[in-house]
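Got chain A sorted already, so can you dock chain B onto it with the hints?
Protein chains: 2
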Amino acid sequence: MSTYKAPLDDLRFGLYDVLGAEALFARLGHADANRELVDAVLDEAARFTETVLAPLNRVGDEIGCSYDKATGNVTPPPGFKQAFDQFVEGGWTGLTNAPEHGGQGMPALLGGVLTEMVDSANLAWGNFPMLSHGAVKALETYGEDWQKDVFLKPLVAGTWTGTMCLTEPHCGTDLGLIKTRAEPIADGKYAITGTKIFITAGEHDLVPNIVHLVLAKLPDAPPGAKGISLFVVPKFKVARDGTVGERNAVRCGAIEHKMGIHGSATCVMNFDGAEGYLVGQPHKGLQAMFVMMNSARLGVGVQGLGLSERAYQNALRYARERLQSRSLSGPKYPDKPADPLIVQPDVRRMLLTQKALIEGGRLLSLHAYSLLDVAEKSSDAGERAQAETLVSWLTPISKACLTEWSIENTYNALQCFGGHGYIHEHGMEQYARDARITTLYEGTTGIQSLDLIGRKTAATQGAGLKLFLADVETFAKQHEGDAALAEFIAPLRAKCAEWGKLTQDVLQRAAANPEELGAASTDYLLYSGYVVLAYWWARSVAAANASQRPQAFKDAKRDTARFYFARVLPRTLAHKAAIDAGADPLMALPDAGFGPQ
Amino acid sequence: MSTYKAPLDDLRFGLYDVLGAEALFARLGHADANRELVDAVLDEAARFTETVLAPLNRVGDEIGCSYDKATGNVTPPPGFKQAFDQFVEGGWTGLTNAPEHGGQGMPALLGGVLTEMVDSANLAWGNFPMLSHGAVKALETYGEDWQKDVFLKPLVAGTWTGTMCLTEPHCGTDLGLIKTRAEPIADGKYAITGTKIFITAGEHDLVPNIVHLVLAKLPDAPPGAKGISLFVVPKFKVARDGTVGERNAVRCGAIEHKMGIHGSATCVMNFDGAEGYLVGQPHKGLQAMFVMMNSARLGVGVQGLGLSERAYQNALRYARERLQSRSLSGPKYPDKPADPLIVQPDVRRMLLTQKALIEGGRLLSLHAYSLLDVAEKSSDAGERAQAETLVSWLTPISKACLTEWSIENTYNALQCFGGHGYIHEHGMEQYARDARITTLYEGTTGIQSLDLIGRKTAATQGAGLKLFLADVETFAKQHEGDAALAEFIAPLRAKCAEWGKLTQDVLQRAAANPEELGAASTDYLLYSGYVVLAYWWARSVAAANASQRPQAFKDAKRDTARFYFARVLPRTLAHKAAIDAGADPLMALPDAGFGPQ
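Top line first, the protein sequences correspond to chains A and B.
583 is the number that numbering that gives the first Met the number 0 gives to position 584 of the first sequence; each next residue is one higher, with no gaps.
549 is the number that numbering that gives the first Met the number 0 gives to position 550 of the second sequence; each next residue is one higher, with no gaps.
For reference, chain A alone in the conformation it holds in the complex:
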């Protein structure tokens, strides 16, 4: 039976020892977010996720959501509503939202920590509150004052939830193709008509109203992505004064039968002249969509991290308990009938790969969240702008790498169980199935990779990368005389130099042939992720050594960092070779040559 304990010790290490969250929060004016309060929040989040959410994970998978065709209603798995009510009562939905909308105004960084615990405990459940964040962001940024007044309070309080209605049956990546239309009607309202698919939490009974943020085209819309507008369309109509009226003409037409996240309602939403209001300027919906997406993308990265953590915990327990064969170098537990799996080098390889990707990935993610705080709260406009550039560059790396690694981590965790991992009762196969969505939704890995190499690198002359490399160099200089770090800093610097050169080479080739960007994209993103993690592992060793923690903790960080540098970072060699090969090996084969199908 799968269990979960929030990794509070490693989270605190990341927050306090590596990222210096105490000083950061103080500097950003988060007077409330002192260590005592943050620790209390962490403890309570751990209690809630371990005892309320984690026990519902399996029932969520086994029973899933159900759909009533007659009414269009969707019922989440048993226990989900009670847990949601407790989550709302605890004030968790608004943890990081602005106090003027009823939020608690805590740093985004703390929200990232909470999200990890929620997603470890119950990823499918976590999708119900998660989507509200994007809706809140879009309304905060682009909503009229009355829209903020009316919609933000219940969304922040969690008494309503939100959705993002983007995808249609014939278009996901290419939203310029959407067909949903918005016709002006009386009182500045619009009638929205069309079908949206893959709408997470599109319909459910956890709260009385659901606020849909919907992309649609106005009658005079220019063709393509420049003709998209954003509308707010509630399940129950809402007047400008906040009065909730009758049911709107939006209805769930079906829920999808999916490989995993069975407890998450993935809805087909039919808008049949549903009343809505324009959010922001006409035809400027794509900007608003990116505001929603960026928030969601970091969150999906954390989903990958959370699943990896839980799968690892269970694989580690099994590797310590399961007795099978002896160590090749002689019995390690001679009093037992066989040694536990953990003595086997190849099992240790699988465990250490998970550990290195999880603990390093956690810092990659926490750092990105901390940059959101800096970008919002710093008193220095230059620092705000730099943080914005850096987090916008890190977002595709964090989303894609943490989710790709969750595929690998849940694979390795299951593999540690041997054939037992394939059996439902152990819970490991659910993590592998749940993880599989994370590299798909909110933009596939391929889309993240194009975002990184195109919009976030080529289009900015590598602005994000330059800032990151400068951070690395600052760190390296700080520790130039530190003998304990030399073994990490030298290869990190070499890898960073290679990264800069590689980037230049790709951009140069792309100037002559735009296919070069696409050809390099995924390998370039993964290469980047591994170098980013090398930095965080070097910083982990430095932070551990500088801390008051026990020697065993420091040794474990150093040993894991050594493993990472010796046996994971070399994957960059393969990615670099693939990038260096350029577009020709991908583009030479004619479309017809791929096969007779």
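If you're looking for bench data, these hints aren't it; they were derived computationally from the structure.
Among the clues, some could well be false.
Since the list can't tell identical chains apart, any single copy or any two copies may satisfy a pair.
Straight-line alpha carbon distances no greater than 25 Å define the calculated BS3-like cross-link-like pairs of lysine-lysine that follow [to be verified]:
id, residue 1, residue 2
1, K80, K553
2, K147, K236
3, K465, K376
4, K225, K335
5, K225, K331
6, K178, K331
7, K4, K335
8, K335, K178
9, K236, K476
10, K376, K147
11, K225, K188
12, K236, K80
13, K68, K188
14, K188, K465
15, K225, K283
For chain B alone, coordinates are given in the frame of chain A:
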């Protein structure tokens, strides 16, 4: 909706153009297996698998097997029995078995081709006939004459099926720990008592009798793996004269709920003093087990290949049909509202990776099967022995690489569908779930890797590797002046030299520290698999060029080979670096340091 067309053209290319099957079969005395007959077998196998088995794949997944607790009976999904009856009537179960047992005496190579088609069409169904092969092998090799007379005919005819009962709840890899015991009773019979788990096709109603090959310990058994004996235990008792008697005391206690292969019955089998006969010598069951296992391991590799092929076919179709965005270098299909996915370099990367691993992997597998034929039928004892050495060395490579690649291939195929891949109705997520068993059963990838580097390399002073490298060198010499091959042969030779050196280095380090074998094992196996595929891609180009096939076929092989050398083979760089890092980075962290769990 997922479809399947047997890849007859590529199978014929592999058989005839690359492996020279016509001449080989003639030389080995397979007079019947001329081209006309082999072609007819291929066509009929394609028809059967495409039209009978493939349509049952989805229902097999959705309905699965059912278990009746009151009777212990297991019912396979609807249609499975009718398909099995047709398979038996067509004589397919005995295609490669010896004529004296009622088989058709066709080459094992042809059996490998049939297995690929069956597994593409319906992997779960394929598990019912598959396990009989191991039982037949064990009885052929170690059975007494009367056992052969009584059991082999119905197993070969497919009127009975067989199982391999090895695993117990507390032991899978380490069979020395088994508790099932065998007590001598009257007439040279034994009473078998114990519980076996993960028994594929352990119980079902496709045939009236099931022949279990069971590992158990005699009362005087020495401890550990040297005390294991093999018994044949039929579901209905069978006398020495072949008379079938009453129901034996063996019963299915449950079926497992698994991530995939829902149509395959994975049974808990309870033996409660069931009557059986000793097969072979007392305490020599482990040898017999390896005979069963080796046969099954090549078969599981083919399962990975078959799943990859089907997933690829569907991904390719989708990538050609789905219109989304435009090529970065300008519209490629300007008459359509958007370009199909296949114009995107990153989609082509995913497709080409599948294509290269599938077509190359097919040759790796077919070659191994052809060596079974040489090992059995060659008139030259030296050639027989060499083929035996080579296939025994290739078996873990084929099993582990083809199954690991099936994880990657079904991942990439699903990824081509974006979010739609995660939805059950498209069929892609089933392939990913089904593939997940293949790296686990018949020995995990870790176990295959230890087999390769330990028993098949260290213990033989690299006998298999040397034979393979000699084959590569022969091929390279033959084509020394061939300008079309130079771009492949030079890096292939360099990689082979590196491989030899790497092997020596590992064995040398292992002499001082046995953990080095385990530490290198999985990276070494994958490294080996990629070099083996480089050889088959070079040979594919040579064979295509030497053939009468259309220029487009030759170009497609060359372009795919270029892709493989440029963008897949460099993975060896990462594996080599991991191997070179040695055991220390894996062994340094104390067991307690992995985490608090």
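Within a copy, between copies, both or neither: which one fits K376 and K147 at a CA-CA cutoff of 25 Å?
within (21 Å within a copy, 81 Å between copies)
I want to check one pair: K68 and K188. Are their C-alpha atoms no more than 25 Å apart within a copy, between two copies, both, or neither?
Intra 29 Å, inter 61 Å, cutoff 25 Å: neither.
Alpha-carbon proximity between K4 and K335, which holds within one copy, between copies, both or neither at 25 Å:
neither (28 Å within a copy, 53 Å between copies)
Please sort K225 with K331 into within, between, both or neither, judging by C-alpha distance up to 25 Å.
Close across copies (22 Å), not inside one copy (66 Å); limit 25 Å.
Can you give me the call for K188 and K465, within, between, both or neither, at a CA distance of at most 25 Å?
neither (46 Å within a copy, 78 Å between copies)
Within a copy, between copies, both or neither: where do K147 and K236 come within 25 Å Cα-Cα?
within (15 Å within a copy, 78 Å between copies)
Since the copies are identical, ignore which copy is meant and state whether K236 and K476 lie within 25 Å (CA to CA) inside a copy, between copies, both or neither.
Cα proximity of K236 and K476: none, with 59 Å in one copy and 79 Å across.
First find the shortest C-alpha distance between K225 and K335 inside one copy, then the shortest across copies, and answer within, between, both or neither for a cut-off of 25 Å.
Between. Shortest inter-copy distance 19 Å satisfies the 25 Å Cα cut-off; intra-copy 68 Å does not.
At 25 Å max between alpha carbons, let me know whether K335 reaches K178 within a copy, between copies, both or neither.
between (66 Å within a copy, 16 Å between copies)
With identical chains treated as interchangeable, where does the CA-CA distance between K465 and K376 reach 25 Å or less: within a copy, between copies, both, or neither?
within (23 Å within a copy, 65 Å between copies)
Checking K80 and K553: alpha-carbon separation at most 25 Å within a copy, between copies, both or neither?
neither (42 Å within a copy, 61 Å between copies)
Could you place K178 and K331 in one of the four classes (within, between, both, neither) given a Cα distance threshold of 25 Å?
between (65 Å within a copy, 23 Å between copies)
Checked against the numbered hints given earlier, this structure breaks hints 1, 7, 9, 13, 14; the rest are met.
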